[in-house]
Amino acid sequence: MTDNERDNMWMACLDGELSSAEASAFEASLTPGERDRLAAEMRFESALAEALHGDIKCPDAVWRRARLIVRHADGAPRKRRRAWTAFFAAAAAITVLFSAYVVSPTHRTREHTPRVLATLYASLDDFAEKSEVPATTEAVQAYLRENGINLRLDNLDTARKQSGEGMHHDMSLVGACEGECPDHTMQALLFRCCGRPVRLLVAPLGSGGAHMLQAANENNEVQRMAIIGKYVAAVVGDHPAPGLLGLLKEPPRPVV
Amino acid sequence: MDQPVAENTAITMDEFMAKIEKHRNEFYRYILRTVWDTGVTDDVFASAVLAAWENRHKFTPGTNFRAWVYRIITNKCFVANRETGRTPQPLENTPESAFLTLGGERGYQDILKHPESVLEQCGDELNMAIKKLSTAQRSCIMLRSVEKLSYKEIAEVLDIPVGTVMTHLSRGRARLRKDLLNYARERGVVRDRPRLIPKKRNLAGSLREADGGTQS
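Chains as they are written, first to last, in my numbering: chain A, -19 to 236; chain B, 20 to 235.
Bound conformation, chain B alone:
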């Protein structure tokens, strides 16, 4: 049964625009990171603001205005990506536990030890890695990691169950980290092979053992 929609046409245009303006930078950033084209971003931003204004009567007062606008924006982004050929990429046999299995990958610990410097050295590769994600994965990561929406809010924005949000996050993060790891290995930012020379303290330890433990 359809829920009655609260009438909210009383809001003036100035009040409405003030509400949007409060979040305009984050809305714009989200669109830019989701459609990846400045010209398209400008158009999506304008058309989403217009759509929100025209559908303002569908917004229920007292509920989350920010999440409601994100939902409109996300729909526009999905349409824009379809029109420009940036269709969501298939999940490509990503194993279910892709995130956890990353821990066993060589060099991954190096990325986790120095995330700032690794991300700085990756530069454009981070953008490329984000672009390779499906639109849904990208949206989930942007909305959670950058815009700090809760899982429940993201589920409302994307109109999917919370469990699916978690799966998109898990697989998207795994894929993003894997791409960054591969790049970091290629560039020599992290170790690609197991250590052939024992660590210094081990070497010293073995020397002590060889000397019968006389050295201090």
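Just chain A, with the same shape it has in the complex:
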């Protein structure tokens, strides 16, 4: 038996991969000292597995994001394309990119900018599924309080009357949920405006969520952003929703 084979036998015995007859035969071939070492190595492996396990869990936000991404996928399994199909697809892609970036650079759309906020253009169905509370001002207010956001949420009707920014009339609250931020510091208020999804994101100043919003703002993914008390809030969505920031109370100071 070569050294490599002997090492492999030790691995197989250590990992319980040998049949009882094989294990007995192998252990009989060991010296008493080697038998002691084998037992000690088994204890070491057990301790090592526990240390590496570390009670690591998949964060809820990561799981929700994965579910959302799968839901957004077309759902149909990819089929093998013939070479000419691939050729025409590539040609079409080049044409689109050429027209977007070369022919009319002023018409670049947000889709060509890498997104900081993963679900910027989520659908209303996603909103309804993601919301953790009923679509009432009181429930969303309570949700904010539970998540440590000490801001007052105005009723939409009241805010519409007070808003000087021409808030759209066809706007309603859909609910609230956690924003897609790895450190769980961002909350999302979900709205329907003229049949389109719009989110009002809020995070404590200095938090990971606030940095994420800042990055998204620099990336032109945000309609408007403001500091409201100890929080930063931003409106995101491809449908303009003027006046939405005014729903969260404490005098807003626009961010330059």
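FYI, nobody ran anything at the bench for these hints, they're computed from the structure.
Only part of the chain B face toward chain A is listed, based on derived beta-carbon distances under 10 Å:
| no. | residue |
| --- | --- |
| 1 | 32 |
| 2 | 36 |
| 3 | 43 |
| 4 | 51 |
| 5 | 57 |
| 6 | 61 |
| 7 | 122 |
| 8 | 131 |
| 9 | 141 |
| 10 | 163 |
| 11 | 164 |
| 12 | 185 |
Okay, the calculated beta carbon distance ranges per label pair:
| no. | chain 1 | residue 1 | chain 2 | residue 2 | range |
| --- | --- | --- | --- | --- | --- |
| 13 | B | 29 | A | 11 | 52 to 62 Å |
| 14 | A | 15 | B | 147 | 31 to 41 Å |
| 15 | B | 146 | A | 26 | 13 to 23 Å |
| 16 | B | 126 | A | 35 | 26 to 36 Å |
| 17 | A | -4 | B | 98 | 28 to 38 Å |
| 18 | A | -19 | B | 128 | 21 to 31 Å |
| 19 | A | 149 | B | 34 | 34 to 44 Å |
| 20 | A | 122 | B | 31 | 33 to 43 Å |
| 21 | B | 126 | A | 198 | 46 to 56 Å |
Built from N, CA and C at the ideal position, the CB exists for glycine as well.
Once you have looked at the hints, place chain B on chain A.
Here is chain B on its own, set in the frame of chain A:
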């Protein structure tokens, strides 16, 4: 000759996600221990789940769903490590019987006697030692020691022969233990030099001998 792939498009998205959710913590843990970056882990997790969904028709019903997903995840981890520059490290002249020869190393018996306390004292050094392994060695150790996959399942996940799995395990474990031993020696957790003073009972024994064996 290519084997026909069973059609499995009948599975609904909810059923599919329920299957993934059952193992989501172990999948996430495996990715985190293989790519070592939370941001990359989140991305790899999402893209692997999406890839599994898009390729669900390639999964043969009745076979091991968990191992099938691990295979997709492992491919994503290898790609992520290549892209982030965490390329597999060379095996560096690791002798074939590296695992067995460790038994003769000074201080190694101390590690084996008190594994929990040694691993606790090593702390981050354990993470560093795992990071130094090649991606294949790391994958084998994680899949076997932590996630308890069989050699056959690991071979399927990594698409390598069972013998190669054993070699990765043997060399990876040897390298990991050697790094921990070196660290433990540096920190004085284990003995680095041979004992100069005889053990107590030997000393007593020699005293008895010197006294002509009169002492009891």
